[in-house]
Amino acid sequence: MATDYVDAGQAIDNSSLSGIVGSAPPVTDGVTYERILNARSEPQNWLTYYGAYDGQRYSPLDQITKENVKQLTPAWVFQCGSVGLHSGKSTYSFEASPLVVDGIMYVSGWDGWVWALDARTGNILWQYRTASAFDVSLCCGNVNRGVAVAEGKVFVTTLAAHVIALDAETGKKIWDTTYGDVRAGESATVAPLVVKDMVIVGSSGGEFGNRGHLEAFNRETGERVWRTYMVPKPGEPGSDTWPDDGEAWQRGGGNCWVTSTFDPELNLLYVGTGNPCPDFDGDVRKGDNLHTDSGVAVDVDSGEIKAHFQYTPHDVWDYDSTMEHILFDLDGQKLAAHFDKNGFLYILDRTTMDPVRVAPFVDRIDWGEVDEKGNVTPKVFPDKEGDPVHFWPGPAGAKEWTHACYNPNTELLYAPVQDVGATATRRRREFKESIPYWGAGVGVDLDDMAGSISAFDPRTGEERWRWRNDIPMCASVLTTGGGLVFAGEPTGEYNALDASTGDHLWQFQCGSGHHSSPCSYSIDGRQYIAVPTGWGAWTEGFLPGMLGAGQGSALFAFALPE
Amino acid sequence: MSDTAVDVSTLDKQNGVTLGRILGRGTVGHAEEGPDGKMHGTIRIPEDELVYEPGILIMPHAGVLELELINDDKNTHCAVLPSNGDYKFIWLVNHSKGKATLELDGPGYYWYGSRSGNDEGRGLTAAIVVSGDAPPEARIDRPPQPRP
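Protein sequences appear in the order of chains A and B.
Residue 1 is where the first sequence starts when you use our numbering, and the numbers rise one by one after that.
Residue 1 is where the second sequence starts when you use our numbering, and the numbers rise one by one after that.
Be aware that a few hints might be false.
[Stated by the list, open to error] With a cut-off of at most 25 Å between alpha-carbon atoms, the simulated DSS-like pairs for lysine-lysine come out as follows:
| hint | chain 1 | residue 1 | chain 2 | residue 2 |
| --- | --- | --- | --- | --- |
| 1 | A | 286 | A | 379 |
| 2 | B | 38 | A | 173 |
| 3 | A | 172 | B | 38 |
| 4 | A | 373 | A | 306 |
| 5 | B | 99 | A | 173 |
| 6 | B | 99 | A | 172 |
| 7 | A | 432 | A | 233 |
| 8 | A | 196 | A | 306 |
For the record, the hints were derived by calculation from the structure and aren't laboratory data.
Could you build all of it, start to finish, from the sequences and the hints given here?
This is the structure in structure tokens:
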């Protein structure tokens with residue numbers, strides 16, 4: 001006997017079955033390019049990825065001081081779990097830098113999440129989630145490093161290499177542009193950067209043999225303005241650094257998966273580029289392999305490469321140079337500071353990208369020698385097929401992508417340092433699109449490792465102080481007008497250090513390791529330190545000794561008691 | 001729709017070798033594209049099998065999928081479905097019928113499931129496959145490359 005079906009209706013948004021408000025105040029409407037240019041003049045906000053275009057990760061806020069920081073306590077905690085099977089289930093990590101505009105926080109999570117939070121209470125105002133295919137190629141984990149905001153929109157990249165614009169009031173999608181090819185192993189993890197009327201993003205997928213690119217999209221329409229490949233085609237500048245009779249350039253790497261810094265006077269973006277491919281087998285790509293492992297100055301209007309400096313020519317150690325270039329002026333010089341995976345701190349003249357000075361920033365470096373002008377002499381590297389070679393730093397680098405900072409009051413740079421080696425055994429393989437293209441078997445050391453937060457004088461390159469840790473430090477650091485440096489540990493502790501001396505002043509156990517970029521903001525005069533926590537990502541590559549640590553996912557906002 | 005079954009009889013049933021039915025089994029179906037560009041498909045939960053059928057639904061390309069969900073079981077289940085913006089949730093009491101509108105990027109595949117009890121472990125986890133390629137303007141400027 002036939003029975004009528006019960007009408008189950010239409011499927012509803014999962015978040016409608018929660019306490020989420022569903023809308024946020026229109027605080028980003030007035031966030032113009034001019035305001036972002038002068039972001040540091042409104043220290044209550046954190047308007048762009050690094051806090052300001054210069055990448056200093058410095059907050060002028062000074063309510064939290066060396067004297068009172070010991071009273072710092074969580075004001076609120078935000079958490080989000082997961083539902084069902086999602087991509088990169090074992091590699092998700094909370095790596096973003098929160099942005100804050102007039103009391104509203106915008107932050108991205110793993111697996112396509114974007115949230116607008118009340119930055120005073122941590123309550124969710126709206127959320128958006130891009131559905132990510134389970135089989136998307138994730139080079140280095142299910143992660144996202146943050147959003148950009150401007151004039152009513154929130155911009156974020158997705159694992160499937162899209163850049164999307166959301167309505168900042170409702171979280172609803174406005175436009176969606178694909179800028180990478182998931183069938184080629186491309187993905188996207190970078191936090192976008194708004195410059196003028198554009199959104200700047202770059203490619204991820206450095207282990208899949210693609211051809212890295214930086215590109216700009218119109219922030220109103222999502223239409224592409226320019227795309228610049230970091231590996232030249234035959235005949236283009238730099239192509240003579242690749243074999244002229246081969247296909248190596250087609251799979252050369254040089255991805256741009258970390259947010260650029262920007263000098264508005266020079267009109268230049270400073271982008272770091274990733275490793276060449278295959279990572280460890282240099283014989284199939286003889287030459288310097290420009291513009292991999294480089295700091296590249298790009299005209300923001302045209303995308304034209306104006307200058308570059310290559311930190312590790314013909315890299316066979318997986319020494320990406322994607323990490324930030326911190327822009328600052330000192331003694332009348334326009335400088336850029338860059339801590340490279342290869343273990344050396346480079347102070348560059350950012351008008352030419354020529355090195356001013358070069359200095360080591362980690363204890364153990366044996367892969368090669370670098371002179372004061374940045375000239376490289378390789379010493380230890382995987383050379384013969386099947387022959388294991390151990391070297392320091394390992395492919396995690398002496399500093400990972402996580403960011404250093406610069407305090408204009410102390411005139412010091414602060415870096416999270418990783419002192420860990422690795423063994424690579426060259427194993428040649430043919431290239432196949434979408435399959436990892438390393439050219440070696442690699443094992444990162446499980447012990448005999450150390451880490452530190454280290455302070456450096458950019459005038460000399462000398463280390464001024466060091467706060468040592470038993471395991472590598474691999475979270476971005478933050479420095480403030482209160483004379484502090486904040487630094488998270490892989491084991492979950494969050495620390496405040498004296499920016500002048502490195503003295504340890506405060507600690508809080510967040511329950512899961514740090515691999516993100518904290519920020520500072522204030523509401524009605526109360527200063528907060530916000531830090532996402534949640535261990536994970538490419539742990540087997542940068543710190544396998546902590547591979548078994550709990551993943552977690554939470555965002556803590558710390559403040560002094562009211 | 002195709003009704004090609006995976007012939008692993010002892011794994012492809014409830015309370016056989018396993019307690020539930022191992023994931024990734026069942027039949028393969030195809031969503032069909034309508035004149036409006038939206039794709040359409042039907043998913044059923046048959047009696048006492050604790051699965052969605054087809055176990056794999058293939059979309060011809062990325063875009064909007066209009067899905068009809070029918071619970072022919074004598075127990076209540078649900079579905080938490082992937083879609084850009086938010087998961088879509090539908091409660092499916094026994095002998096009920098409902099709809100879901102999903103927006104999915106492609107190519108790639110997505111799992112969805114029932115969050116009731118351990119429905120998703122027992123077999124109420126199924127996949128939506130999105131066919132196609134990234135748009136030409138998004139692809140890398142290089143000659144065609146060898147693939148696996």
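Each hint tested on the structure:
Our distance criterion of 25 Å between C-alpha atoms is met by residue 286 of chain A and residue 379 of chain A, whose separation comes to about 17 Å. Between the alpha carbons of residue 38 of chain B and residue 173 of chain A the distance comes to roughly 18 Å, so the proposed pair stays at or under 25 Å and holds. Taking the CA atoms of residue 172 of chain A and residue 38 of chain B, the gap is near 20 Å; set against the 25 Å cutoff, the hint holds. Taking the CA atoms of residue 373 of chain A and residue 306 of chain A, the gap is about 20 Å. The hint holds against a cut of 25 Å.
For a cut-off of 25 Å, the pair hint linking residue 99 of chain B to residue 173 of chain A stands: about 22 Å separates their Cα positions. Only pairs whose Cα atoms come within 25 Å are accepted, and residue 99 of chain B paired with residue 172 of chain A is accepted, the gap being roughly 21 Å. Using a Cα cut-off of 25 Å, the hinted pair residue 432 of chain A and residue 233 of chain A holds, with the two alpha carbons roughly 20 Å apart. A distance of roughly 19 Å separates the Cα atoms of residue 196 of chain A and residue 306 of chain A; the hinted pair therefore holds under the 25 Å criterion.
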